[in-house]
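Colleague: Sequence:
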Amino acid sequence: MRSDAGDGAALFDDVVGAGPAIVSRSATLAAELGPAVVRRWRALGGRIVLVRSPAGRAADREPVLEVTDLDGVYEAWFNAHRCESVVMRPDWYLYGSAADGSGLSGLVQGFQQALSAGVTASLLPENEPTLSRHQRP
Numbered sequence: 103m104r105s106d107a108g109d110g111a112a113l114f115d116d117v118v119g120a121g122p123a124i125v126s127r128s129a130t131l132a133a134e135l136g137p138a139v140v141r142r143w144r145a146l147g148g149r150i151v152l153v154r155s156p157a158g159r160a161a162d163r164e165p166v167l168e169v170t171d172l173d174g175v176y177e178a179w180f181n182a183h184r185c186e187s188v189v190m191r192p193d194w195y196l197y198g199s200a201a202d203g204s205g206l207s208g209l210v211q212g213f214q215q216a217l218s219a220g221v222t223a224s225l226l227p228e229n230e231p232t233l234s235r236h237q238r239p
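Counted from 1, the sequence shown has number 204 at position 102 by the working numbering; the numbering is strictly sequential.
None of these hints come from the bench; they were simulated from the model.
Even for Gly, the Cβ is constructed at its ideal location relative to N, Cα and C.
Among the hints, a few may not be true.
Cβ pair distances, simulated, as ranges [said to hold, decoys possible]:
#, residue 1, residue 2, range
1, 141, 173, 28 to 36 Å
2, 112, 211, 30 to 38 Å
3, 138, 111, 32 to 40 Å
Modelling step: build the complete structure from the supplied sequences, incorporating the hints.
Modeller: Printed below as a string of structure tokens:
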């Protein structure tokens, strides 16, 4: 997707940068999440991105990065999936989508809890290393 954050056309991931991202077409996104959720999200290095059409209205307040969907790709995707917002993992995979502010708030809180759960894949019993016949003492 080509987007523009005021500095000219560029690819979306180049404009937004690395790290988790909340991507929404809702101009009231930050207000719907509330300051405490936004503060925790930002502490994780998360970005909040408003994707708007070239004729779309501006975000209501900081800390929202506004980008213009020059080709209508994100607008079409949001319409096809009947959602307003998504949470993207740092590896750009989709964590989840939401149709409204309460759904987005739940997604963000779930994402934050998953990151702070204290359990990693390497600690799960099924990931415990096994010794092959040649490695056993």
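Colleague: What are the numbers of the hints the structure violates, in ascending order?
Modeller: Checked against the structure, no hint fails, so every one of them is satisfied.
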